[in-house]
Every structure is written in C-alpha cells, then in structure tokens.
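Visitor: Taking the hints into account, I'd like the entire structure generated from these sequences.
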Amino acid sequence: MNDEFFMRKALALAERGRGHTSPNPMVGALVVDADGVIVGRGAHRVAGGPHAEVFALEEAGPRARGATLYCTLEPCSHTGRTGPCAPLVAASGIRRAVIAIEDPNPMVHGRGLAHLRERGVTVQTGVLAREAARQNEVFLTNVTLGRPFVIVKAALSVDGCLAPADGRPIRLTGRAADRVIQRQRAEVDAIAVGSSTILSDDPRLTARGAYRERPFVRVVFDRRLRTPPNARLLSTASAGPIIVMSRRSSIDAQPEVVTRLERAGAQVVAMDTIAMHPSMAWLFREMGVASILVEGGARLHRALLDEGLVDAVHAYITPVRLGDGATAWMEPRHFTLSELTERRAEWFGADVRVEGYVHRHH
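Under this note's numbering, the first residue of the sequence shown is numbered 1, with each subsequent residue one higher.
Worth double-checking, as some hints may not be accurate.
[Stated by the list, open to error] Pair ranges (Cβ atoms, derived):
| id | residue 1 | residue 2 | range |
| --- | --- | --- | --- |
| 1 | TRP347 | GLU307 | 27 to 37 Å |
| 2 | THR125 | GLY48 | 23 to 33 Å |
| 3 | ALA176 | GLN267 | 30 to 40 Å |
| 4 | SER238 | GLY349 | 28 to 38 Å |
| 5 | SER235 | GLY110 | 42 to 52 Å |
| 6 | LYS9 | GLN267 | 36 to 46 Å |
| 7 | GLU4 | SER235 | 47 to 57 Å |
| 8 | ASP324 | ASP202 | 18 to 28 Å |
| 9 | ARG343 | GLY146 | 26 to 36 Å |
| 10 | ASP324 | GLU4 | 49 to 59 Å |
| 11 | ARG223 | GLY93 | 55 to 65 Å |
If you are wondering where the hints come from, they were derived from the structure by calculation, not from laboratory data. All C-beta atoms, glycine included, are put in the ideal place defined by N, C-alpha and C.
Guide: Quick look at the structure:
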C-alpha cells in the first residue's frame, strides 16, 4: 500500500480546518481497506468539535475492521473538550495505523501510540513528517515553546525601504498582494504593530474582504503609552479585543491616558520589562493567541528578531524605488532575506512575496 499517497490525501483533508481549529491542530484522517479503497474520511473542522478520526471511523463503520488508518497527528489519549480518539481507533478493529507525527503535548506524547500498540494495532510513524510538521507549525510552536507562532510581515520598496524620506504613509503593495494579506489576517489569531505605526499610519487592523468567523485580537506594543484614544483602531472593537501593552512605569505615570484608552475600548496591559518574550507568552497564555502577524514597524521587527522570537518572515517586495533618505527596514548587518531557510518566492501581480523561516524548532 502506498503510504505517502494516502498520507498526502490526509494532509489535504486537514487543510479544511485552516483558520478554524486554533488553538487545536489541523488534523486529517483516512480509513483505507485491505484492497486500497478509501472507506472513511475525516478532518478536524473547528476547535471543540469532533476530531478527524471520529469522522473517518464513523464513515467507515464496520469496514474499518482490518483496515489502515492514516492520520496526520497522533490520536489523542486524554479527555479534553471531546473524548479520546486512541480508544475509538483500537475498538474499531483498525489493523494498522500510519501516523505522520507524534503529538508533543505532554498529555498525549506517545501515549496514544502506546495505547494502540498495546491493543494489537501495528503503528508506523514519520510518513511525510516534514510536511505534517509544517502544516501544524503553529500548534507545535505553541506546545513546545509556550508562545505564539510569530510571523513578521513587511511591504518593501525594491530598494528595501518602508517609507519615503519625508515619512508620509505610502501604499506599496498592489491589489493582488493586498488580497493575500487580508486572507492571511483572516487565518491568524492576532495582528500586532508598534505605536509608531499607529501614529504614522493610523490603521484599522481588520481583515477586510476576507471571511473571519472568530474574534480578531489586535495588539499595540506601546512602551511609552503614545496610542491616541481617537485612533481608528479603537473604532473597530466589534471585530475583537484591542490590547495596548505598555511598561508599568508608563501606565503608572499616565493614569488619565489609561482611562481614556479603556473608555475607547482598549485593554491596557502593564508589563514589567520591555523584553518581548513575556508579552508574547502573556498573549498566548491569557488571550489564547496561537499565531500572530506582526506588521510593523521596523523597530518592533528588530526587537523580535533580536530575542529570537520570529518564526517566519513574509516580505512583499514592490516595483517602487523610494530612494535616498527613505526609511530602511533592516540594515544588512542586522538581517537579510538571504538568511531565511526554506525560502520561496511567489508573484502577486507586480509584487513578489519572499517568505521563509528564521529558525526551525522541529
């Protein structure tokens, strides 16, 4: 039986949950009988809903006996919002289980596989493990590092700059790239900017033209508490929580600013350090932010890179030249796109997106 062929189909099924399963992983499952016929299919569609294995086994019914289960992630062995899947798999009569990757969650790790083996199910792991790990890079980062998966996004001129010399806001990307950016906003849990971006661009930070069913967390990293209460962002509270993260000293020194921001709809959060890691850990722990798109500006991007918190970079390079005196994104000594691993490029209209990983945890 062609294990890779069927696992690719399971990975494709898992994609049906993209943007909907957070903080859970995306999972796809197939039940294939002894003749190589797919008799059951399943995908985890939404957090709190049935797992992929449940759907696949229900569709297969009695045909699961003696069949092979293909699953992109180790079946769970504990009770969360739903019951454990490993006992269901064993009880269904599945003869063999082919699993792409083990679940690093301490409540699961290896236990689901052990449960199957103890009940006579032959277990094989590692089939298309690289592809499965990339598909669930957000979940794996959350579980192993206790923070969100961090994507830095920048729109750059062809000479590597963010804004012209006079500092005025300028739209660099075209419509095709903008549609992709909005679609990405619809998939992540949160979007973040620094206070300088709020002051210079006054963005709304919403997912426009892309369907999003979950609340969208917006974060402003503002150590000096400069966010104005009349910022356009604060008029979008219906789209989801707005978090202003600042130094405790700045908050204590400006209680009237805090009051105005809170009345305008923001939650002001005090941090005892300007280091970024505690803030990211807080967002994951307290707000359930599993993935975050950091759109600007350069100072915030550099701070995250300096602390080793950036997982991926998406740079949209446009056919615009901003010239001398323009605001550079990065100095070559600090970071260049050539440092990205698994680097790839894709055209959207006249713009090209270069993306890759800063480091790989898995």
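Visitor: Now tell me, hint by hint, if it's right for this structure.
Guide: Hint check results:
In this structure, TRP347 and GLU307 meet the distance hint of 27 to 37 Å, their C-beta atoms being roughly 32 Å apart. Range check, THR125 to GLY48: Cβ separation about 27 Å, and the 23 to 33 Å hint holds. Separation of ALA176 from GLN267 is about 35 Å and conforms to the stated range, judged on CB atoms against 30 to 40 Å. In this structure the supplied range 28 to 38 Å holds for SER238 paired with GLY349, their Cβ-Cβ distance being about 31 Å.
Checked against the given bound of 42 to 52 Å, the beta carbons of SER235 and GLY110, roughly 49 Å apart, stay inside it. Between LYS9 and GLN267, the C-beta spacing of about 43 Å keeps the proposed range 36 to 46 Å intact. The hinted window of 47 to 57 Å between GLU4 and SER235 holds, with their beta carbons roughly 50 Å apart. Our hint of 18 to 28 Å for ASP324 and ASP202 holds, since their Cβ atoms are close to 27 Å apart.
For ARG343 paired with GLY146, a C-beta distance near 27 Å keeps the hint of 26 to 36 Å intact. A hinted range of 49 to 59 Å for the beta carbons of ASP324 and GLU4 is consistent with their spacing of about 53 Å. At about 59 Å, the beta-carbon gap between ARG223 and GLY93 stays in the expected band of 55 to 65 Å.
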